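Novice: Each chain, written out:
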Amino acid sequence: MFENIPILSLLILFPLVGAIAVFMMGRSPKASKYTALIFSAIPLALSILVLTQFSLNTGAEEYLGNFQFVEKYQWISFLGIDYHLGIDGISITMVLLSTLLVFLAVIFSWNVEDRLHQYMGLLLVLEVGILGVFMSLDYFVFYIFWEVVLIPMYFLIAIWGGSNRAYASIKFFIYTHVASLAMLLGIFALFFTTAPELQAQGLIATDAIGTFDMLLISEVAGNLGTALQFAIFGALFFGFIVKMPMVPFHTWLPDAHVQAPTAGSVLLAGLLLKMGSYGIIRICLPTLPDAAVDFQIIMVIIGVVSMIYGALASLAQTDLKKMVAYSSISHMGIVMLGIATLTELGIAAAVFQMFAHGLITAVLFMVCGMFQYGVGTREIPLLGGLAPKIPIISTVMMMGFMASLGLPGMVGFLAEFMVFTSTFDTWGLWVFVPVASVALTAAYYLWAMQRSIFGDLTDRVNLSRLRDAYWFETIPLVVLLGLIILFGIWPAYVLDLITPTIPLVFSGVI
Amino acid sequence: MTFAEYAWLIPILPLIAFVIIGLLGNRLFKKWDGGAPIAIGMAAISLILSLIVAYEALTGDGTPFVQSLEWVVVQGGDFAFTFNMGIYIDNLTALMLIVVSIVSTLVVIYSLGYMGEEGGRKRRYYAVISLFISVMLGLVLASNFLQMFIFWELVGLCSYLLIGFWNTRPSAASAAKKAFLVTRIGDIMFMAGLFILFVGFKGNLDFDYIFNNLDSFVGGDSLLTLSTLMLFGGAVGKSAQFPLHDWLPDAMEGPTTVSALIHAATMVKAGVYLVARSYPIMVKTPDTLMVVAIIGGFTALFAATMALNNTNIKRVLAYSTISQLGYMFLALGAGGYIFTKTLDPNVGYMSGAFHLMNHAFFKALLFLSAGAVIHAAHTEDMRLMGGLSKKMKITSLVMLIGCLSIAGIPPFSGFWSKDLILAAVYEGVSISPIFTVLYAMGLVTAFLTAFYMFRLWFMTFSGTPRDKKIHDHAHEAPASMWVPLAILALFAFGSGFAYLFGLNTAIVPYGVFSMEYASAGTLLVNMFTDSLTYASIIVAIIGIALAYLMYEKKTIDPARFTSGAVGGTLSNILLARYGFTKAYDWFGLRIVYGVAKVVDFIDRKIIDGLINGISAGLIRSGSFLRRAQTGFVQSYAAVVVAGVSLIVILLFLMGGVI
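The listed protein sequences derive, respectively, from chains A and B.
If you count by the working numbering, then the first sequence holds residues 1 to 510, one letter each, in order.
If you count by the working numbering, then the second sequence holds residues 1 to 658, one letter each, in order.
Treat the hints with caution; some may be incorrect.
[To be verified] Here are some, though not all, of the chain B residues that point toward chain A, as calculated from beta-carbon distances under 10 Å:
{"id": "1", "residue": "F149"}
{"id": "2", "residue": "M191"}
{"id": "3", "residue": "L194"}
{"id": "4", "residue": "G511"}
{"id": "5", "residue": "V512"}
{"id": "6", "residue": "S514"}
{"id": "7", "residue": "M515"}
{"id": "8", "residue": "E516"}
{"id": "9", "residue": "Y593"}
Don't read these hints as lab results, they were simulated from the structure.
Computed from a prediction, not measured in an experiment: that's the story for all the values here.
Think of the CB as a built atom: it goes at the ideal place given N, C-alpha and C, for glycine as much as any other residue.
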């Protein structure tokens, strides 16, 4: 149906055009938000259209042939840079998540007053970058989009952030930039070192310097020297785990979240963190499978430490949003653990967990936002007994927390269960260590609920301006919770997209 | 099998009630009692269907009915992990279906009266209780371990929501959290057991598959033992066995209907059901069965002691529940262990499941009667009651039936199953001295049970009123409450006779062993020619007599046992629940939260301190950070250029090496 339509490019183009249009609507904020709504709805519709045309089984036997809707145009030919997009089962899951979350974030931001048009514009620019990251098949294009994501998020925190926004935004910027630098090192190293082999195999012209094509590089990178592979893997890996973020490179995240406006937090936790794990899955593992095996022990340690450490840190927080931020670290640790198993089950579960966490954490940050504006504070010790006063917010909070602690019937459970099963399959009874975080997770969520919405009504905050959710807050939450339950009851809708891709992408590792 | 094809409707119907009541607004239900008619209607229809399905199963040849569909399949190396959803109906399922659907229907009807004054909160109550009925029935019907676990967690959620029903009460909110977290410890063990089974049975968790392919387990005997031990760990949490028992007394913060349904008759039985369900695996791992028996026997005695001097009517019943659940585990564990040694069929399995059923009826009856008393007296403190039998004739009578039943007086239902349990344990005396101890524990528990239950009855209903205001205010329960009580009383009286009419041969672990048919006469003769039977009857009578002397005749002053150095200390230890409450709190607050505080400190002071220190240093030296702050694009370009030049340098260096 789309043979002649560059639908992936359109997916990127629409939010870009929308962003430019919205930026120019400084005079009429109202028009700008409707424009943003439309231009975020179009990518969502397009991505669903892509889903309907997406074939679960391409018949491809290997990584190279498995991409669909591929667009490839020569761009800077003497450097081997192509404008190369394509999606497989892993990326389409992330693309759908992205278009959905941006659309809902736009709705949720309906009553932002300060510089609304710029706010909406930045959300759309963010969408451009994120979709680009999830669809690029060329390192250079990938890197550009990767960096594009940074800019709007920096401004979202720096302009609309809380009182300590300057510190948080700079910290965010420097952290991720240093990480990007490491990643760039890895990319250049791949570019130069794979060139001779590519030439020898006739995959690129003999006079070419090299190529940035991800798929071509993945064909030959496995032939590089062991030490070199290890070093390149390390550089890329470092870049990605800072983004996820994994302990001990995580401290930018709580600060960024605490300061970021709600929509920024939703997209930061829901999508930006996924870029890191996506990078590991898309680049590190298929390109450098031998190094992945060498890194397995590092990956599992980082993953498990992040799970436990993140959960314990969550337990100690008094700011609801900071607690949720640390819980993201803990839950991304599950993703890392799934990847580290280097099994089909584990990696499929990791991707599923990324998707699940995207939906769930969006709910959680929206809840935090509603506490901030509906109640006036997010400090748990100041809250209490609010359930009868703000029933919608409380119900959503409870459902979100339950989803996040891995309650069956909601999307997070099966992903966690699969990760743990493959952990046991790979490491046996060591599984008890990460599984302990399940109890900790329940502990901090239930304790937070007990102190904030149950018990005696608080007299420590001024409740005169107390309000329950507005319609534009309720709608995104209902959509998200509906999907959380739908995919909890029928996870095959998502897993069937992911699982056929796994053996093709990771044939070298698993 | 014809109706079994529709068994999936059994949990769906209450689920529909949940969705309707949950989604439609309060306004719609103002005249409709918060949706109670929908909840009752759906529960009743699923009760009828349950009874038909159960009848079909029990009259069939014992072959399980299995129906399942693929939920998720993930290729995992050399085999596929298959997650199924389905229905598994055998005689045990049938028994559970009968128990769960009867008790839940009666409890929902009873709620009409009991929850009548809750106003707008009623809708939430009926919604969640419908959800509970649905997921509990789903748990019972599950066709594989994972599905069972899923529903297992969901009944836990409902328990959480209903314990915390009066969520503006701090104690209720705290109790709900405690219940969820403590059972979660068990759930983790359950999960760990599933990992072992899942990998060991090559990606299949179906009961049907596992029970028929036990020898295909990959991983060896010790791993299999660990898996069953972990499954039992889940049961310990859910069924409130030592040492994860302390959440159940606190769970009494919920409405009494919830205590009756969830924390006495159904959900807490899920652990027993799990052990019974996995019996074919369990009998491959005798060590686990021994642990089951010991934990069960110990908990039975341990919990019964705490019921001795408690004055809160619901708490006494809660301890009693823990204790009776211990009996069930004792029966299952001892019977299974003895079977692994002798390979002769015994009544352990059957008596455990039998007691599960009888206990569900008489304990639901006891809780709901206590609810009627609380409803009338507006207090749970038995010291303020007394003399209520004149005002509440029906309630006092049905509760007396419940007490006689749990005390084990023939021919009330509790007598049959308790006697069979003790007989099953006694069979092991020749195998191991441990069984002598376990039998003694069981017998002492029987004595204590009879004592504390009649203490409860006498304190509540007989004698003179201790608080005139409460007594004057008290009234008999309305029909919506006493009719379910009367029906339950019939069951509490009569469900024991099922033993004489085929239960003996019907409730056997499928594929493990079967029991020979015996006529009612033979069973009766066997039972009443055994001196053990008289031993358990005699201890029960002594217990009742002691309670009578202490609380009715007052010839023995109860204060004699609680005064003095020894008595006082013992009494305080019991009231402090052997310190478990404090130990849990200490572990949660001091250990876990303490470590969390340390982690938080490390995070803020050490990791972040290091980062901020470095950046502060850089700012002072006037390079990096200030640049980054001065101009966005410049710094961006600078980093990229720096990156490229670094790469070039690196490549030059490596060019020399490679």
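Novice: Each hint should be assessed against the structure and marked as holding or not.
Specialist: Results for each hint:
1. F149: OK, holds: B:F149 within 10 Å of chain A, min 7 Å.
2. M191: holds (7 Å)
3. L194: Since chain A brings a Cβ to about 8 Å from B:L194, closer than 10 Å, the hint holds.
4. G511: It is violated, given that the least Cβ distance between B:G511 and chain A is near 26 Å, above 10 Å.
5. V512: violated (27 Å)
6. S514: violated (35 Å)
7. M515: Because about 36 Å separates B:M515 from the closest Cβ in chain A, which is outside the 10 Å limit, the hint is violated.
8. E516: The hint is violated - B:E516 has no Cβ within 10 Å of chain A, the shortest such distance being about 41 Å.
9. Y593: holds (6 Å)
Hint violations for this structure: numbers 4, 5, 6, 7, 8, all remaining hints satisfied.
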